[in-house]
Amino acid sequence: MNPAALLQHPLPTRTTKCTTGCPILDSFLHGGIPCNSITEIVAESGCGKTQISLQLLLSAQLPTSLGGLSASSLYLHSEFPFPFRRLHQLALSNPTLQNPLDNILIHPLHSADHLLDLLSRLDPLLVHPPPQTRLPIKLIVIDSIAALFRSEFDNNPSDLKRRSGLFFKISSKLKAQAMRFGLAAVVTNQVTDSVDSSDGLRIGNSWFLYSSGRRVCAALGLSWANCVNTRLFLSRDEENVKDDDGDIVNTRTRTRRFISVVFAPHLPHSSCEFFIAKEGVLGFDSCNDFHLENREL
Amino acid sequence: MEVSSLPISASHRAKLISAGYISISSLSSISPAHLARDLGISENEATGILKVASQRGGPERTIPSHHSIVDGAQTAWDMLHEEESCRRITTSCADLDDILGGGISCKEVTEIGGVPGIGKTQLGIQLAINVQIPLEYGGLAGKAVYIDTEGSFMVERVQQVAEACIKDMQEYDSFLRKDLPARQVNLQANDFLANIYYFRICSYTEQIAVINYLEKFISEHKDIKVVIVDSITFHFRQDFDDMALRTRLLGGMALKLMKLAKKFTLAVILLNQVTTKYSGGSFQLTLALGDSWSHACTNRIILYWNGNGRYAHIDKSPSIRSASAPYAVTGRGIRNLASNCKRVKLILRARLAHDEHICRSLI
Chain P
1 MNPAALLQHP LPTRTTKCTT GCPILDSFLH GGIPCNSITE IVAESGCGKT
51 QISLQLLLSA QLPTSLGGLS ASSLYLHSEF PFPFRRLHQL ALSNPTLQNP
101 LDNILIHPLH SADHLLDLLS RLDPLLVHPP PQTRLPIKLI VIDSIAALFR
151 SEFDNNPSDL KRRSGLFFKI SSKLKAQAMR FGLAAVVTNQ VTDSVDSSDG
201 LRIGNSWFLY SSGRRVCAAL GLSWANCVNT RLFLSRDEEN VKDDDGDIVN
251 TRTRTRRFIS VVFAPHLPHS SCEFFIAKEG VLGFDSCNDF HLENREL
Chain E
1 MEVSSLPISA SHRAKLISAG YISISSLSSI SPAHLARDLG ISENEATGIL
51 KVASQRGGPE RTIPSHHSIV DGAQTAWDML HEEESCRRIT TSCADLDDIL
101 GGGISCKEVT EIGGVPGIGK TQLGIQLAIN VQIPLEYGGL AGKAVYIDTE
151 GSFMVERVQQ VAEACIKDMQ EYDSFLRKDL PARQVNLQAN DFLANIYYFR
201 ICSYTEQIAV INYLEKFISE HKDIKVVIVD SITFHFRQDF DDMALRTRLL
251 GGMALKLMKL AKKFTLAVIL LNQVTTKYSG GSFQLTLALG DSWSHACTNR
301 IILYWNGNGR YAHIDKSPSI RSASAPYAVT GRGIRNLASN CKRVKLILRA
351 RLAHDEHICR SLI
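Chains as they are written, first to last, in UniProt numbering: chain P, 1 to 297; chain E, 1 to 363.
By construction, these hints were calculated from the structure, which means they are not laboratory data.
None of the values given here were measured: they were computed from a predicted structure.
Backbone N, C-alpha and C define an ideal beta-carbon position, used for all residues, glycine too.
The reader is advised that the hints may include incorrect statements.
Okay, the calculated bits of chain P under chain E, using three or more residues with CB under 8 Å as the criterion [claimed, not checked]: (1) 9–17; (2) 152–164; (3) 261–275.
Here chain P stands alone, though its shape is the one from the complex (with noise of 0.2 Å):
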């Protein structure tokens, strides 16, 4: 191994990003989602980290010139069952894609040494993608690493060193790969509720993140924190609207959905509301207010 080979001089002007598929968050993400590092979607069940996945998987297929990566993705799910209607009515929606579906790999995952063991294997799948798909692998997707580590450590010292080696592990190999292939790596996490507690961590741009009202944290703790190189918050809020028509006041709620910056090396402490439709999660501009009425799902 030759060090001076790891030397990377002059630097690239820019890296390389993968479009989310809607403008708004585009600019919100400086781009999209970049290439040779792990970011991270952190939101409790039913905020839209799989939608956003999904969609992902579809942009990535773009052209370079769109923002896409011209590539396939690779799609590593722990929660079961695969969405594949949803996966579809995003397909329909994108008529520029030709047989989209072909070009996404999709396999289960049942454990963190599975996980594991894939990655070191996934080598030759990077070099020679199989041949229904045309392009090469640019894109991973795990959704979610939380699920594959909730269940089987035990909350003893031992089991969580041993929990921790693996974070360890698995970042460094999924870190190595995108560093010699270019790829995109997403990986999305569960949250937990967080005690009150004065002594508490403060991880990234707030001292805590709240959804559905409650006060929340991203699970697998300090150790897997240390791993990511972008996190980004999904929320949502249940807010109470009150439609004044003529006597009658009706109140309802409306669901609200953020997502915002947690900590990146190249993003400002930001946030940016979306809402999901039929066609994927779109990004959400404050002044077009009458429309969110009508699109969401």
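Here the structure of chain P is known, so what remains is to put chain E in place on it, guided by the hints.
Okay, now just chain E, sitting in the frame of chain P:
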């Protein structure tokens, strides 16, 4: 060499010996006026004695005063002189520079640790840019080596910080030379990028290989003034079956980096992660890699959250006292916390306005 063998008058010789000047080397750095006062003789006579002493002492010196008996040893006086003339790399945050005694010192290894998102990589990028500031703006005009183990180095962010640095230099220029024609800062963001030697490593073996290779690399690129490793700890937190091996590897790495810092007079900055340690019945935050590693670095700075602000705390340093300072991560890089900055700007503006008023009234 003895004073008694000098060809001077007997009375002078006796006065020299009784005043304590026994060897010729003791006369080598004394002024005639001082000697005259000590011996109670005229200055002309003192000059004469010194001239004889220097003629005698020259060719027969067996141990010249500026060489040392043991190769590489220095007197403490020489070291103090060196340290005072050693330049420091600014962090672009005045408060942080203050507690650091002017900035990150060259010739030493500094460890910076903190939770994810606190700004370690941002500080690393800021230092990689600031080391390149030209001499006329108070910088070191050096180049940087950035060893990235995690993949957090985003080129667009580095370009952003570089552009802000150029703008700052332009402002500094126009402020200092306000009555002279504006001098254009002839630097582009891409020039800054070209001066960063970026290594991307993906395993601990690559990390050790690059650190071993650095000595050769830096001797070929003599203008490198800072080596940043982001982060030193990522690849060592996997399960090592043999923990003793890990300790040996880390120790070897630390030693090499210290040697690099001393030999080439450059700053070595190691970014570290935090972990929780169970001590005294509770979990506490501590820097990763364990107790044996904590002895390896000369200086240690811990970055932490306090309320809604980011703070840097000098945890360990042989020469700087322990202190904390707030800093902010802005679009332009690491800067002073906003409120402090505004205060300084207002004071500057008021002073400028006052000066202008005075000048106008004089015309």
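So, going through the hints one by one against the coordinates:
1. 9–17: holds (count 7)
2. 152–164: Satisfied; 3 residues make the cut.
3. 261–275: holds (count 5)
No hint from the list above goes unmet by this structure.
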